[in-house]
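Make the full structure from the sequences, and use the hints.
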Amino acid sequence: MADIRNNFVGIKSPNPFWLASAPPTDKAYNVERAFKAGWGGVVWKTLGEEGPPVVNVNGPRYGAIWGADRRLLGLNNIELITDRDLQTNLREMKQVKMSWPDRALIASIMVPCVEESWKAILPLVEETGADGIELNFGCPHGMSERGMGSAVGQVPEYIEMVVRWCKQYTRMPVITKLTPNITDIRQPARAAKRGGTDAVSLINTINSIVSVDLDNFAPNPTVGGKGSHGGYCGPAVKPIALNMVAEIARDAETAGLPISGIGGVTTWRDAAEFLVLGAGNVQVCTAAMTYGFKIVEEMITGLSDWMDEKGHRTLDDITGRAVPNVTDWQYLNLNYIAKARIDQDLCIQCGRCHIACEDTSHQAITSMVDGVRHFQVMEDECVGCNLCVNVCPVDNCISMVALEPGTLDERTGKIVDPTYANWTTHPNNPMARQAAE
1 MADIRNNFVG IKSPNPFWLA SAPPTDKAYN VERAFKAGWG GVVWKTLGEE GPPVVNVNGP
61 RYGAIWGADR RLLGLNNIEL ITDRDLQTNL REMKQVKMSW PDRALIASIM VPCVEESWKA
121 ILPLVEETGA DGIELNFGCP HGMSERGMGS AVGQVPEYIE MVVRWCKQYT RMPVITKLTP
181 NITDIRQPAR AAKRGGTDAV SLINTINSIV SVDLDNFAPN PTVGGKGSHG GYCGPAVKPI
241 ALNMVAEIAR DAETAGLPIS GIGGVTTWRD AAEFLVLGAG NVQVCTAAMT YGFKIVEEMI
301 TGLSDWMDEK GHRTLDDITG RAVPNVTDWQ YLNLNYIAKA RIDQDLCIQC GRCHIACEDT
361 SHQAITSMVD GVRHFQVMED ECVGCNLCVN VCPVDNCISM VALEPGTLDE RTGKIVDPTY
421 ANWTTHPNNP MARQAAE
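If you read the sequence shown in full-length UniProt numbering, its first letter stands for residue 1, the second for the next number, and so on.
Each hint should be verified, as a subset may be incorrect.
Said to hold, decoys possible - Within a straight-line C-alpha distance of at most 16 Å, the following computed EDC-like cross-link-like pairs (lysine to aspartate or glutamate) qualify: (1) 167 to 116; (2) 12 to 316; (3) 94 to 126; (4) 97 to 32; (5) 97 to 127; (6) 94 to 32; (7) 339 to 409.
In short, the hints are calculated from the structure, not lab data.
Right, dumping it as structure tokens:
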């Protein structure tokens with residue numbers, strides 16, 4: 001049976017599934033229920049400095065995007081960091097860690113970008129027995145307007161500076177949580193590494209307005225007739241998160257930097273995708289808020305069963321396995337040719353492939369053959385774009401089949417070349433021409 005025990009920068013947990021810093025990890029009651037359900041670790045909801053607690057709104061805090069079946073695809077929140085007293089949180093963290101020594105407990109922290117503020121809070125957190133800290137440089141609303149959260153995460157120099165402070169004033173491993181609200185995720189990751197961070201976690205939520213109330217003409221969620229931008233999360237952000245994780249994993253300056261993957265993890269498969277793209281573990285929030293803590297049981301079983309089926313013994317066997325296969329567009333093989341194929345036994349004659357191809361693509365799928373409704377790919381027109389595969393409602397009805405080298409591509413009239421060729425050497429590339437001259 002696969003061993004899915006996790007060792008992330010020396011922080012051990014029975015599995016790689018941690019709850020992210022959010023409402024599910026705001027108090028001992030929640031965290032203990034999560035541990036009983038099987039979660040390997042939690043990142044406690046973000047702590048602020050001592051003094052008057054942060055004030056949250058006393059009304060709607062969430063906006064949502066649903067699929068046609070009302071499945072939650074994206075969640076927007078305008079909630080801030082914990083609004084409970086710091087000492088109360090610290091006391092509960094210490095209690096939970098003593099009761100659950102085999103689980104990972106990470107303290108998320110957000111205080112002003114002042115050295116004394118970090119120097120003051122770190123010993124208090126360390127005294128709880130927490131396994132590590134996560135620096136919240138990602139929150140895009142409420143706290144960023146106060147010079148914290150993403151206001152720090154968008155400035156690499158600030159990230160490096162605060163990480164250095166934390167490495168100076170605590171023995172605990174430092175995980176730097178990055179904001180996706182930035183042009184190039186590699187820059188803050190590089191800064192965190194220069195500062196000495198032990199790991200990075202990403203992504204935090206994406207700045208967003210998910211919808212507008214067309215009766216009141218205010219963004220949702222609406223508080224007293226007004227709305228605000230908030231942080232977007234859930235399954236819809238997973239593609240963005242995967243790309244950013246991969247960018248850090250394959251960047252020459254940050255390759256090998258441990259990554260905790262966050263963003264839309266709902267199933268074991270989602271988690272596996274983060275792991276093979278370079279994440280050492282994953283953090284989950286929206287899925288737990290949607291389906292409850294017991295969703296981790298399916299994640300644990302599913303990941304373990306898949307690893308058994310594929311012969312992977314430990315998480316090290318799969319971590320980063322897909323990173324070498326992530327490349328830039330300019331290096332894709334232009335001599336690779338594929339065509340769509342429709343399985344006529346599976347086809348339900350809905351015509352969606354034809355309409356998509358006819359109206360918006362390459363007019364390469366018939367709707368009639370010999371006066372009879374029939375959907376078939378015309379290879380002399382098919383460019384292999386695979387739009388038809390993605391709009392077809394039947395699994396495996398349409399597939400992409402690579403043409404063997406030496407065969408004829410009916411669309412171009414050329415023989416498929418077995419050699420590798422990419423845009424950097426293509427004759428249409430003006431830079432390639434200049435290099436040759």
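Against the structure, the hints come out as follows:
For the hint linking residue 167 to residue 116, the alpha-carbon distance of about 14 Å falls within 16 Å, and the restraint holds. With a C-alpha separation of about 14 Å, the suggested pairing of residue 12 with residue 316 holds against the 16 Å cut-off. Note on residue 94 and residue 126: the hinted pairing holds, with a Cα-Cα distance of about 10 Å set against a maximum of 16 Å. Proximity of residue 97 to residue 32 is assessed by CA-CA distance (about 10 Å); at most 16 Å being required, the pair is judged to hold.
A threshold of 16 Å between alpha carbons decides the hint, and for residue 97 with residue 127 the separation of about 11 Å falls inside it, so the pair holds. For the suggested pair residue 94 and residue 32, the alpha carbons sit about 12 Å apart, so the restraint of at most 16 Å is met. A C-alpha spacing of about 9 Å is found between residue 339 and residue 409, which places the hinted pair at or below 16 Å, so the restraint holds.
In terms of the numbered hints stated before, the structure departs from none.
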